Amino acid sequence: MQSSRSKILVLGATGRTGRHFMSLALEKGHTVRALTRDASKMEQAKANPQWVQGSITEELDMDALLHGIDAVVIMLGDAKKQQEQTINTLFMQKLIPAMRKHGVRRLLYQAGGFTAPYPRRLPVVTWILKNTVVRRAGLLGQHRDNEAVIEYLTREAQDIDWIVHRACIVSDGLSKGALQRHRTKFSLATFEDCAAYNYMLLQNDSAIHTCDLSRYAK
1 MQSSRSKILV
11 LGATGRTGRH
21 FMSLALEKGH
31 TVRALTRDAS
41 KMEQAKANPQ
51 WVQGSITEEL
61 DMDALLHGID
71 AVVIMLGDAK
81 KQQEQTINTL
91 FMQKLIPAMR
101 KHGVRRLLYQ
111 AGGFTAPYPR
121 RLPVVTWILK
131 NTVVRRAGLL
141 GQHRDNEAVI
151 EYLTREAQDI
161 DWIVHRACIV
171 SDGLSKGALQ
181 RHRTKFSLAT
191 FEDCAAYNYM
201 LLQNDSAIHT
211 CDLSRYAK
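Under my numbering, read the sequence shown as residues 1 to 218, first letter to last.
If you are wondering where the hints come from, they were derived from the structure by calculation, not from laboratory data. Quantities reported herein were computed from a predicted structural model and do not represent experimental measurements. Worth double-checking, as some hints may not be accurate.
[Claimed, not checked] Just the calculated beta-carbon pair ranges, DEER-fashion: (1) 102 with 175: 17 to 23 Å; (2) 203 with 177: 17 to 23 Å; (3) 158 with 63: 22 to 28 Å.
The C-beta atom is built at its ideal place from N, Cα and C for all residues, glycine as well.
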């Protein structure tokens with residue numbers, strides 16, 4: 001993907017990572033089209049993308065959403081809805097055919113650090129934490145949905161240049177440094193650092209078809 005002046009569709013632009021990503025992309029000279037279900041957030045946001053009101057759980061005009069787009073970035077999560085249904089996976093099954101139709105090849109999907117990277121399994125300690133701490137937090141549905149997304153991309157979308165970032169985000173504090181890709185190790189990152197890493201990862205051809213974690217560079 002071109003490093004500047006690309007048009008990026010951002011889903012989750014008003015979220016805690018998405019706000020930072022959107023501001024960074026605009027600062028770097030990209031055009032951003034952003035989907036939000038809350039019209040009031042369009043007015044509150046400091047950045048000035050091309051806003052589209054809607055939700056992935058509603059009917060969307062996929063042709064209008066993807067027209068002229070070079071890359072798609074998804075940073076979405078709704079723990080309550082994902083306990084009941086794999087909403088991100090259902091949307092992905094609509095998005096990928098629409099991307100093919102419009103010639104959009106690059107996709108970055110942000111999952112969680114406790115999401116298993118299909119077809120691999122989580123390490124034992126991570127699996128235990130997932131089924132205790134994460135379960136008590138009510139977030140298992142999100143990870144099941146993320147895992148279904150990764151399986152779909154792996155099995156059905158090898159023609160798309162997708163990248164999955166399994167992020168471990170804990171705070172919106174000050175930057176703690178630059179994150180780097182790692183297959184097995186992770187750091188607890190800030191939203192700002194995760195957004196900066198997502199921006200870098202989106203342009204990294206060596207990350208295509210990977211589902212890696214991220215940790216702070218030493």
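Cross-check of the supplied hints:
Range check, residue 102 to residue 175: about 35 Å between beta-carbon atoms, so the 17 to 23 Å window is missed. Taken as a hint, the range 17 to 23 Å holds for the pair residue 203 and residue 177, whose Cβ atoms sit roughly 19 Å apart. About 24 Å separates the C-beta atoms of residue 158 and residue 63, a value consistent with the hinted range of 22 to 28 Å.
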